[in-house]
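Student: Top to bottom, those sequences are chains A and B. For the first sequence, the numbering used here begins at 1 and goes up steadily by one. For the second sequence, the numbering used here begins at 1 and goes up steadily by one.
What the hints contain is simulated information worked out from the structure, not anything from laboratory work. No residue lacks a Cβ here, since even glycine has one placed at the ideal position from N, Cα and C. Keep in mind that the hints are not guaranteed to be accurate.
[Claimed, not checked] If we take Cβ atoms under 8 Å as the criterion, some of the chain B residues that face chain A in the derived model are: (1) VAL13; (2) ARG43; (3) LEU47; (4) GLN51; (5) PHE91; (6) GLN104; (7) LYS105; (8) GLY109; (9) GLN110; (10) GLY111.
[What the hints assert, rightly or not] Think about it this way: if two alpha-carbon atoms lie no more than 25 Å apart in a straight line, the pair counts; the simulated PhoX-like pairs of lysine-lysine are: (11) LYS78(B) x LYS42(A); (12) LYS42(A) x LYS20(A); (13) LYS55(A) x LYS20(A); (14) LYS42(A) x LYS73(B); (15) LYS41(A) x LYS55(B); (16) LYS55(A) x LYS14(A).
[Said to hold, decoys possible] Between beta-carbon pairs, the in silico distance windows are: (17) SER18(A) x THR20(B): 19 to 29 Å; (18) ILE12(A) x SER42(B): 17 to 27 Å; (19) TYR101(A) x SER74(B): 23 to 33 Å; (20) CYS13(A) x THR115(B): 30 to 40 Å.
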Amino acid sequence: GAVVSQHPSRVICKSGTSVKIECRSLDFQATTMFWYRQFPKKSLMLMATSNEGSKATYEQGVEKDKFLINHASLTLSTLTVTSAHPEDSSFYICSAKASSYNEQFFGPGTRLTVL
Amino acid sequence: AQTVTQSQPEMSVQEAETVTLSCTYDTSESDYYLFWYKQPPSRQMILVIRQEAYKQQNATENRFSVNFQKAAKSFSLKISDSQLGDAAMYFCAYRSLSPIQGAQKLVFGQGTRLTINP
Numbered sequence: 001g002a003v004v005s006q007h008p009s010r011v012i013c014k015s016g017t018s019v020k021i022e023c024r025s026l027d028f029q030a031t032t033m034f035w036y037r038q039f040p041k042k043s044l045m046l047m048a049t050s051n052e053g054s055k056a057t058y059e060q061g062v063e064k065d066k067f068l069i070n071h072a073s074l075t076l077s078t079l080t081v082t083s084a085h086p087e088d089s090s091f092y093i094c095s096a097k098a099s100s101y102n103e104q105f106f107g108p109g110t111r112l113t114v115l
Numbered sequence: 001a002q003t004v005t006q007s008q009p010e011m012s013v014q015e016a017e018t019v020t021l022s023c024t025y026d027t028s029e030s031d032y033y034l035f036w037y038k039q040p041p042s043r044q045m046i047l048v049i050r051q052e053a054y055k056q057q058n059a060t061e062n063r064f065s066v067n068f069q070k071a072a073k074s075f076s077l078k079i080s081d082s083q084l085g086d087a088a089m090y091f092c093a094y095r096s097l098s099p100i101q102g103a104q105k106l107v108f109g110q111g112t113r114l115t116i117n118p
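Isolated chain A, as found in the complex (with noise of 0.2 Å):
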């Protein structure tokens, strides 16, 4: 099946500080990726949806400047949470979809702490 990676899968930073997570599709070309935030015993909520070289799609309330998304290759997308709070603090799961895919495949998550 397709295998989606995430980097870091933990990361602790001090408040005020930017933070890069990672998100690699290993086996196909991912048109489409998608990042959610899980808090925790909830659902995933997505966050926003990436389609490469082009800029991303963000849902109600997310703010873009925050969470700067990059779709740069059919295989790498970024997630860079700038200027982080205590209350970014969460769990940040990616999904990738290749255009010819029916379903999504999710990246193993990246939990992060801001201080």
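Following the hints, complete the assembly by docking chain B onto the known chain A.
Tutor: Then chain B, alone, in the frame of chain A:
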């Protein structure tokens, strides 16, 4: 906008027994996909089963099967012969078939935490 509702926050079942998780959704579209995902303690999302709305036959994957009632907008998951490894959070999800950018996203339900009692 489409919505997905899982009305059972928690369910439990004895090992080897059968359990059914409920899911209802709301949409004005006629063609779409429905999914059940499993999220174990590792938090890796795993696809359990997929149903295309245009197919009348209920999808089946080994011990997992669905009861898809399109008119009622219901999509329940039945797990037969429950195993300890089935313990996880289960999410029902909807995806549009619309080619409009942004429509390909998954809409998730709130999730049901399934506990397997040995």
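Student: Run every hint past the structure and note whether it holds.
Tutor: We went through each hint and held it up to the structure:
no.	hint	verdict
1	VAL13	20 Å, violated
2	ARG43	5 Å, holds
3	LEU47	6 Å, holds
4	GLN51	11 Å, violated
5	PHE91	6 Å, holds
6	GLN104	6 Å, holds
7	LYS105	6 Å, holds
8	GLY109	7 Å, holds
9	GLN110	5 Å, holds
10	GLY111	5 Å, holds
11	LYS78(B) x LYS42(A)	22 Å, holds
12	LYS42(A) x LYS20(A)	23 Å, holds
13	LYS55(A) x LYS20(A)	17 Å, holds
14	LYS42(A) x LYS73(B)	23 Å, holds
15	LYS41(A) x LYS55(B)	33 Å, violated
16	LYS55(A) x LYS14(A)	28 Å, violated
17	SER18(A) x THR20(B): 19 to 29 Å	46 Å, violated
18	ILE12(A) x SER42(B): 17 to 27 Å	20 Å, holds
19	TYR101(A) x SER74(B): 23 to 33 Å	26 Å, holds
20	CYS13(A) x THR115(B): 30 to 40 Å	35 Å, holds
Against the hints set out earlier in the document, violations occur for numbers 1, 4, 15, 16 and 17.
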